[in-house]
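Use the sequences and the hints to build the structure in full.
With the numbering used here applied, the sequence shown covers 3 to 80.
Don't read these hints as lab results, they were simulated from the structure.
You may find that some hints are simply not true.
To be verified - Below are the SDA-like pairs computed for lysine to any residue, each with C-alpha atoms no more than 20 Å apart in a straight line:
{"hint": "1", "residue 1": "43", "residue 2": "78"}
{"hint": "2", "residue 1": "43", "residue 2": "66"}
{"hint": "3", "residue 1": "51", "residue 2": "61"}
{"hint": "4", "residue 1": "43", "residue 2": "75"}
{"hint": "5", "residue 1": "4", "residue 2": "35"}
{"hint": "6", "residue 1": "43", "residue 2": "79"}
{"hint": "7", "residue 1": "43", "residue 2": "64"}
{"hint": "8", "residue 1": "61", "residue 2": "73"}
{"hint": "9", "residue 1": "51", "residue 2": "64"}
{"hint": "10", "residue 1": "51", "residue 2": "69"}
{"hint": "11", "residue 1": "61", "residue 2": "47"}
{"hint": "12", "residue 1": "51", "residue 2": "66"}
{"hint": "13", "residue 1": "51", "residue 2": "68"}
{"hint": "14", "residue 1": "51", "residue 2": "70"}
{"hint": "15", "residue 1": "43", "residue 2": "74"}
{"hint": "16", "residue 1": "4", "residue 2": "77"}
{"hint": "17", "residue 1": "4", "residue 2": "46"}
{"hint": "18", "residue 1": "4", "residue 2": "31"}
{"hint": "19", "residue 1": "4", "residue 2": "33"}
{"hint": "20", "residue 1": "43", "residue 2": "70"}
{"hint": "21", "residue 1": "51", "residue 2": "41"}
{"hint": "22", "residue 1": "51", "residue 2": "40"}
{"hint": "23", "residue 1": "4", "residue 2": "38"}
{"hint": "24", "residue 1": "43", "residue 2": "25"}
{"hint": "25", "residue 1": "51", "residue 2": "74"}
{"hint": "26", "residue 1": "51", "residue 2": "39"}
{"hint": "27", "residue 1": "43", "residue 2": "4"}
{"hint": "28", "residue 1": "4", "residue 2": "23"}
{"hint": "29", "residue 1": "61", "residue 2": "46"}
{"hint": "30", "residue 1": "4", "residue 2": "21"}
{"hint": "31", "residue 1": "51", "residue 2": "63"}
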Amino acid sequence: MKSRNTSISSGFAFVHSNSYTNILAVEAVPLDQIDSAHIQKGLTEFTQKLSSASTELEKAEAQIGVDVHSALNSALTG
3 MKSRNTSISS GFAFVHSNSY TNILAVEAVP LDQIDSAHIQ KGLTEFTQKL
53 SSASTELEKA EAQIGVDVHS ALNSALTG
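Structure, rendered in structure tokens:
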């Protein structure tokens with residue numbers, strides 16, 4: 003059985019008694035299809051937005067961007 007690393011935005015995993023697992027994902031992308039330079043750029047941009055945010059909404063949106071890009075960066079770098 004072939005395995006591959008995949009980024010899953012959200013979903014559910016069902017582990018059966020025979021150790022097989024089914025994954026139901028809203029969105030899933032193989033890590034080898036994600037551009038690490040794009041992730042780094044996004045992380046930098048959202049970090050800057052977080053630093054300059056003046057409203058709670060701007061802070062929350064920027065923090066989500068930082069969190070998402072940080073998670074993808076961690077997945078790519080292992």
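Here is what the structure says about each hint:
For the given pair, residue 43 sits about 14 Å from residue 78 by alpha-carbon distance, which is consistent with the 20 Å threshold. With a C-alpha separation of about 15 Å, the suggested pairing of residue 43 with residue 66 holds against the 20 Å cut-off. For the given pair, residue 51 sits about 8 Å from residue 61 by alpha-carbon distance, which is consistent with the 20 Å threshold. About 11 Å separates the Cα atoms of residue 43 and residue 75, which keeps this hinted pair within 20 Å; it holds.
About 17 Å separates the Cα atoms of residue 4 and residue 35, which keeps this hinted pair within 20 Å; it holds. About 15 Å separates the Cα atoms of residue 43 and residue 79, which keeps this hinted pair within 20 Å; it holds. The straight-line distance between the Cα atoms of residue 43 and residue 64 is roughly 14 Å, inside the 20 Å bound, and the hint therefore holds. Between the alpha carbons of residue 61 and residue 73 the distance comes to roughly 18 Å, so the proposed pair stays at or under 20 Å and holds.
For the suggested pair residue 51 and residue 64, the alpha carbons sit about 6 Å apart, so the restraint of at most 20 Å is met. A distance of roughly 13 Å separates the Cα atoms of residue 51 and residue 69; the hinted pair therefore holds under the 20 Å criterion. A C-alpha spacing of about 13 Å is found between residue 61 and residue 47, which places the hinted pair at or below 20 Å, so the restraint holds. For the hint linking residue 51 to residue 66, the alpha-carbon distance of about 11 Å falls within 20 Å, and the restraint holds.
Distance check on the hinted pair: residue 51 and residue 68 sit about 9 Å apart at the alpha-carbon level, within 20 Å; holds. For a cut-off of 20 Å, the pair hint linking residue 51 to residue 70 stands: about 14 Å separates their Cα positions. Pair hint residue 43 plus residue 74 holds up; C-alpha atoms about 12 Å apart against a cutoff of 20 Å. With a CA separation close to 19 Å, the supplied pair residue 4 and residue 77 stays within the 20 Å bound.
A C-alpha spacing of about 35 Å is found between residue 4 and residue 46, which places the hinted pair above 20 Å, so the restraint is violated. Note on residue 4 and residue 31: the hinted pairing holds, with a Cα-Cα distance of about 16 Å set against a maximum of 20 Å. Proximity of residue 4 to residue 33 is assessed by CA-CA distance (about 15 Å); at most 20 Å being required, the pair is judged to hold. Proximity of residue 43 to residue 70 is assessed by CA-CA distance (about 13 Å); at most 20 Å being required, the pair is judged to hold.
This hinted pair checks out: residue 51 and residue 41 have alpha carbons roughly 15 Å apart, not beyond 20 Å. Only pairs whose Cα atoms come within 20 Å are accepted, and residue 51 paired with residue 40 is accepted, the gap being roughly 16 Å. Proposed proximity of residue 4 and residue 38 is contradicted: the alpha carbons are some 24 Å apart, above 20 Å. Our distance criterion of 20 Å between C-alpha atoms is broken by residue 43 and residue 25, whose separation comes to about 30 Å.
Of the supplied pair hints, the one linking residue 51 and residue 74 holds, its CA atoms being roughly 18 Å apart against a limit of 20 Å. For a cut-off of 20 Å, the pair hint linking residue 51 to residue 39 stands: about 18 Å separates their Cα positions. With a C-alpha separation of about 32 Å, the suggested pair residue 43 and residue 4 falls outside the 20 Å cut-off, and the hint is violated. Using a Cα cut-off of 20 Å, the hinted pair residue 4 and residue 23 holds, with the two alpha carbons roughly 14 Å apart.
Note on residue 61 and residue 46: the hinted pairing holds, with a Cα-Cα distance of about 15 Å set against a maximum of 20 Å. For the proposed pair residue 4 and residue 21, the alpha carbon gap of about 15 Å is at most 20 Å, so the pair holds. Using a Cα cut-off of 20 Å, the hinted pair residue 51 and residue 63 holds, with the two alpha carbons roughly 9 Å apart.
When held up to the earlier numbered hints, the structure conflicts with 17, 23, 24, 27 and fits the remainder.
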